[in-house]
Structures are given as C-alpha cells and as structure tokens.
Amino acid sequence: MSAPFAVGTGFLLSADSAICLTAASLDIWRGERCLFTGLSFELGPGQVAIVTGPNGTGKTTLLRVLAGLAMPTSGTAMWRGTPIHRLPPERRTSVAYQGHMDGLKKELTVLENLTFYRALWAGKEEIAPLMAELGLSGLEQRQVRHLSAGQRRRVALGCMRLRPATLWILDEPLTNLDTGGAELVSQWLETHTTAGGMAVVATHQPERLTRRVSLEIEL
Amino acid sequence: MKAFSLIVARDLRLAFRRWSALATPLIFFVIVASLFPLALSPDSSQLRDAGTGVLWVSALLSSLLALDGLFRADTEDGSMEQLVLSPVPLGVIVLAKILAHWIVSGAPLIVLAPLLALSFYLPTEALPTLIIALSLATPTLSVLAAIGASLTVSLRGGGAIIGLLVLPLTSPLLIFGTRATDLAVHGEATAGPLYLLAALAVMAVSLGPLATAAALKVGLE
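From first to last, the protein sequence lines stand for chains A and B.
Numbering of the first sequence is given in my numbering, commencing with residue 1 and proceeding in unit increments.
Numbering of the second sequence is given in my numbering, commencing with residue 1 and proceeding in unit increments.
Since the hints were derived computationally from the structure, they do not count as laboratory data.
A portion of the hints provided could be inaccurate.
To be verified - DEER-style ranges, computed between Cβ atoms:
#1 PRO129(A) with ALA160(B): 18 to 26 Å
#2 SER20(B) with GLY196(A): 47 to 55 Å
#3 GLY53(B) with THR37(A): 54 to 62 Å
#4 ILE175(B) with SER25(A): 50 to 58 Å
#5 THR24(B) with GLY138(A): 31 to 39 Å
#6 ALA195(A) with LEU164(B): 15 to 23 Å
#7 ILE175(B) with ARG91(A): 44 to 52 Å
For glycine and all other residues, C-beta sits at the position ideal for the given N, C-alpha and C.
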C-alpha cells in the first residue's frame, strides 16, 4: 500500500462556497487490507477529478464511497455539506453513478430501460435525440440481451445522461467503447463541466477522456 | 407513489418476460400436492384429514422456489445500485418489489389451492376460508422471502440458505393457516386464527420492508 497522491489546481477554489464535493482524510479498508489512508480533496463546479492507479488499489471502492454506496472506514465524504451516504433521497438526484455493471435489465428493450430510468429520476432530457447521439437509433425495440457489450455500455451511459445530476461518478466509462463512443463520452464531459457540472472518473486512459483534468488522484 | 407503480410495473413486465421462472413454482405446487393422493390411500376421509396440511406445506415449499430471484437479478446486473441511489426511499422500492413478487408468486397460489383442495375431498364450504387464509398468509410469506433474499444477496448461490432461513419463520403461518382451514372443514368458527394471520400480515408488511432495506444496503457495501 502506498499513500494516495492528489495533485490539483487548488487555487481555483478560492471561494469556499463553490466547493461541492469534499473528501476529508478518507481511510478505506477492504476486510483486513488497507487500500488507502488519509485521502483528502475538494472539487468545485466545472472540475473533473481523474482517479488512476493499478488494478486492485481501490479505485472502484473510492467511487462507491463518493456515490454513497459504501461507507469509508474513517473520514467523511461530503456533498454540499452533507455526508454522502446520508443524503436524503430527494437530494440524491444530484449525484449520478455509473459502475462496472450496466444496471440494465436484459429482458427489457433499450427504450424500456431508458424510459424507466428517466421516470425514476424525473429526468427532463428527451430520449429520441439521445438515442441518435448514442448511435442507437433503430435499436429501441431490441432487448438488451441481444446487444453487444459496447452497445450495452452506450445504453448505460444514456441512462446516466437522463439523470439531472450535477456530479457524475464514472467507473471506467470507456470499457468496451469504440473510438466514437470514447469521443462521445469526452464530449459529454466537456459540455457537462462547461455547464458547471462536476465529474469524478476512474480510468486507465485519461488522455482519451478529457483535457480538462483539474485534479488527479493517484492511488 | 408514481415511483412505486413504476417499479411494480417494471418487475411485473420482467416476470412475464421470464415466464418459465414464473411458472416453475406454480407447477411444482400442483405436482407436489397431486403426488400425495397417489401416495396416501384414495380413501376420501383419510385424504380429507391430510389435505389441509399437505396444501399448506406444498404452498410454502413452492414459494421457496421463487425466493432467490427477488433481489439477486437486480444486484448482479447493477440495477440495485441505481435503485439505491435513486430519489425514492429504499423502503418504498422494496415494498414495490414485494408487491410485484406477491402478484406473480402469491396470488396464483390463492387461485390454485382451492382447485387442488377439491382433489382432497375438502368440503366446498371450507374453500372460502382457505382462500381468505391464503390471502392473508401469502403477503407475509412474500415479506419473509424478501428479508431472506436481502440477507443472502451478497452470497453466491445463496438459494439453499434462504430456505433454511425462511422456512422456520413461516411456521406461524403454517400453524394458523392449517388451523383455520381445519376448523372450516369441520364447520366451526374460524375467526380466531384468521385474525392472527391478519395481525402477522400487518406486522410483516409494515416492518418487513424497513428491515429488508437495511439488509440490502449492508449487502451492497
């Protein structure tokens, strides 16, 4: 285990009120094994944090903590002043998490999956233009189990887009995606951050994803 | 409320797309209950005596078959993470999933059991009581199934363990259910055990989803 290393452009965060995501001395243990200790960072509007590191160093665990799915062993992760795992349900819409697993129902069609998540999150985005953007037009009525891995990932990213979230937490979003798909994700990150959104992305290919990295967390 | 019906509709749609998984417990119920008249003597009084017990035990056993899928599929494909992070309280989500589970696994038992009861020579006057008792017992059964499924969701192949966990907890249902049916068969008043079944149902439906939600959260970590 090595100490995590966070390099950032902290001077951008001159106004304290602008900071939305705060991690304060996070320690994360997985069973008997310590993944990392003392990780602290802050993220404000328009910023992207990239989480890098070899396999098994706790990237996914860190993202799950930031999404509120897991509790850190000690330390706190706060979203706008509230510990993330204790966010009240109505405030959870502002955080979107896309993990390794697609979260899609294989027996449902592409359109049914998208419609379900859009309704669950009370999203405003229209589905038809999103399908076109994802290059999935014409596959609306196809069951997800008949799609290729890359197409599934596109649908999953589409589901994430339908959430009216400010903070995107993406775990290896480029897995299974072709060059076009990677460009699309990179373009989405660009528009998302330009609009004041934030993202924490775990990836092995940061250069393919965005040039706007404000913070690099190396585990 | 909108989210509640949304999740019920999604789970029902999924259940009907996987109709073989839906039909297996029901066919199992019919087969087990029909094996007993073959094994016991075809004598009508003996069948009538054994009938209520056989019906209730096979109903409980068949509902076990439908248990494991309740949360496992959602956990394995990542939908559970998204549901947990959604702006809907987890207890409401769990209650919606329990309702959908009851519609596809509990409600058909209520329809099938009276038909099978006839093959055990149960008097037709006892059938309304059997239907009422099953209508009160199956929701509790679905809630117990949910608690068991949520506790074992992070275990691989937890299917058998759920049975060990849940079956002992179903004994009050078995006791009051068979008692009510037996009393009806002998033409006596059945209100007592039915009230107890109703009380169990109220307790299970009001507290069960909260316990299940807590167990699911722990299971996801």
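Against the structure, the hints come out as follows:
no.	hint	in the structure
1	PRO129(A) with ALA160(B): 18 to 26 Å	violated, 48 Å
2	SER20(B) with GLY196(A): 47 to 55 Å	holds, 49 Å
3	GLY53(B) with THR37(A): 54 to 62 Å	holds, 59 Å
4	ILE175(B) with SER25(A): 50 to 58 Å	holds, 54 Å
5	THR24(B) with GLY138(A): 31 to 39 Å	holds, 35 Å
6	ALA195(A) with LEU164(B): 15 to 23 Å	violated, 53 Å
7	ILE175(B) with ARG91(A): 44 to 52 Å	holds, 46 Å
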